[in-house]
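> The whole structure should be built from the sequences, with the hints applied where relevant.
Number of protein chains: 2
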Amino acid sequence: MSISSFPTIGILGGGQLGKMMAAEAVRMSINVRLLSPKDAGPMQAYSGVMAGDWTDPDVLRDFGADCDIITVESEWAPAAEAADALGDAVDVWPSTHTLELIKDKGVQKQHLADADCPVPDFECCETVDEAVAVANDFGYPVVLKQYRGAYDGYGNATVHSDEELREAWPDLATDDGLMVEMFAEFTRELAVQVARRPGGEQVVYPVAYTEQENHRCHAVEVPADVDDDVAEKAHAIAQRSVDAAEGVGLIAVELFEMPDGRVLVNELAPRPHNTGHYTIEGCDTSQFENHVRAVLDWPLGSTDLRRPAAVMVNVLGEREGTPAQPDTLPDALAVDGATPHIYGKPDVRPGRKMGHVTALGDDRADARNRAEEAADALHL
Amino acid sequence: MSISSFPTIGILGGGQLGKMMAAEAVRMSINVRLLSPKDAGPMQAYSGVMAGDWTDPDVLRDFGADCDIITVESEWAPAAEAADALGDAVDVWPSTHTLELIKDKGVQKQHLADADCPVPDFECCETVDEAVAVANDFGYPVVLKQYRGAYDGYGNATVHSDEELREAWPDLATDDGLMVEMFAEFTRELAVQVARRPGGEQVVYPVAYTEQENHRCHAVEVPADVDDDVAEKAHAIAQRSVDAAEGVGLIAVELFEMPDGRVLVNELAPRPHNTGHYTIEGCDTSQFENHVRAVLDWPLGSTDLRRPAAVMVNVLGEREGTPAQPDTLPDALAVDGATPHIYGKPDVRPGRKMGHVTALGDDRADARNRAEEAADALHL
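For the record, the sequence lines run as chains A and B. With my numbering as the guide, the letters of the first sequence map in order to residues 1 to 380. With my numbering as the guide, the letters of the second sequence map in order to residues 1001 to 1380.
Simulated from the structure, these hints should not be mistaken for laboratory data. All values reported here derive from a predicted model rather than from experimental measurement. Incorrect hints may appear among the rest.
[To be verified] Computed beta-carbon distance windows for the label pairs:
1) A:D68 <-> B:D1347: 42 to 48 angstroms
2) A:P223 <-> B:S1074: 48 to 54 angstroms
3) A:P223 <-> B:A1365: 34 to 40 angstroms
4) A:D68 <-> B:G1087: 44 to 50 angstroms
5) A:R61 <-> B:D1056: 39 to 45 angstroms
6) A:D68 <-> B:D1114: 41 to 47 angstroms
[To be verified] A few chain B residues that don't get close to chain A, going by computed Cβ distances all over 10 angstroms:
7) V1107
8) Y1151
9) H1160
Even for Gly, the Cβ is constructed at its ideal location relative to N, Cα and C.
Structure, rendered in structure tokens:
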């Protein structure tokens, strides 16, 4: 059935990031296979879906037999297992080296610091007493972070005193302790998407301003309203960080803009990222298309903005349940010039990312108003 | 597996138009079913595909059981059979009334003329003698057209004399003869896309200039380089024509701009159309998304251009064979700011539409250069 001479890209993951990668590949007639541990989800619209135990070497070999390249939707997908099962038969991008580096926040930060990428001061602490000493050295507040798996306010805590630190430690700490990080009193959180080919060729996207609510990304405004020298620094640091991690594919770099004009790296995500969803409508080439191009080692596309401003607003779940309710989609469509993406997750949870809306405009305020209005109309 | 409370749209057709409709629906988590008489083609990337005898009432009932709405990829899909098989259970849009009206070029032209939509002079002629008389009345050259199924230079002929007319007649004429049309010595061919909801609400796209080569659309430039009053006339006539045909969904109106400033309707296509592919990247809402919105009777989206100019160039097959060769896609991707669409047809034929490229830009020439360069690089 497939146009077999077109390449086949295998995606480990069946969530919204895999779905949006698949959409770009399918447009170019690139064959898509998706492997997911679940049999329902955003990828269900595509025919090349396989559900199974994606850590099982036999499953991975079966899946990979058909693929010219394997990539991941997330750093938590079993890339190492796929690389082991498939050996030299199929390349896995990003490399397991890059993924291992990024998955451990302590290793990642140290690696970035060693490569002269500015990061907030941090120490990896094995014991609570060590952590208290480091915190007193940095000055409170400090952030305690688990090395692996922390996201969106889970697996970390901001503490303001020895007492708070000692209280938070037992619930958070793992066998190797926690990372203690100086609390960055940032002016803004920024993000920069970089696409990089195996040989090192890069393209970089505009600097995005990311607005958080309750430790979650609420909105992304592009271009960020920052001074030119901050934007230049953000670009340079993002590109250097991605080189340092030897990232291949799309890598998102989350940054802090500091009051003194410094730009610090918060963390890397070795894949298309929520802060880059605006690129689908907003840029000549989306982050998902450039991810596909990069892992195939094909020429990367222009990252120019199509309109002066692009704004994305997330649509979060509001209740516990299944399935999502579509009744409000027409209300969102009534907002002119807003493009809704509904991921198609079969289960709703409060705060879960169920979709997003992007609006383009002549200025940030105009695009923001329309994106917010449409996102507000959606209740999932 | 499906998010069952989101609507399900059933598309009769498995070609590139169905594929591009499906892409927009899937983004919004609208469930998609595709029914095609062939088991391979552009739709194969999607899971909701059914291959079978799509004129068989049982097949259609099986297909439609799951659908909230049925639409067609082309006026030649068995919409009437679907409407008969499904009765009141599922609406079919566009209506069979609209499709029947449009499929017969004689009926279509008469209907448009009756609704005060300007069309080139024409007569439906049953015999060759009648045709010769009409041709002498109009003055040569005239165009002979089959009532049904003619496209891209097939099923019609331009003749310059009684002799040529009499020679062409026997090969072309069907039982009810042929339509004889005054040859429109147009300045330009134009096209306007209109989306219309069942209640009559419309949105209209910019006026597109369509450039033909060997009776096939080669390139589309938007906005067309025409005087404001020509653009106004084109919009008004297109919208009136779509109302006259009671079109629902996306309807493409092909027009002639005449040297004296008149705008005439050439013909309607009751579906997204090659001349509107530029809208995917070029407009806030693509023709495919507005088709999906319209047949679901949902609010229609903004048709504003994202950049000052958009140009689409078709990629035609160059050889007889199977499957298509992908080797040249990276060359096309090396052209900055050009977006290739490869339809994924399993068979190549010389002149067959295998894909297209769209480029946006500050002006038509800039966008045209990049679209042409990328399309030239593709050999399928």
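> So which hints don't hold here, by number, going up?
Hint check: 1, 2, 3, 6 fail, others pass.
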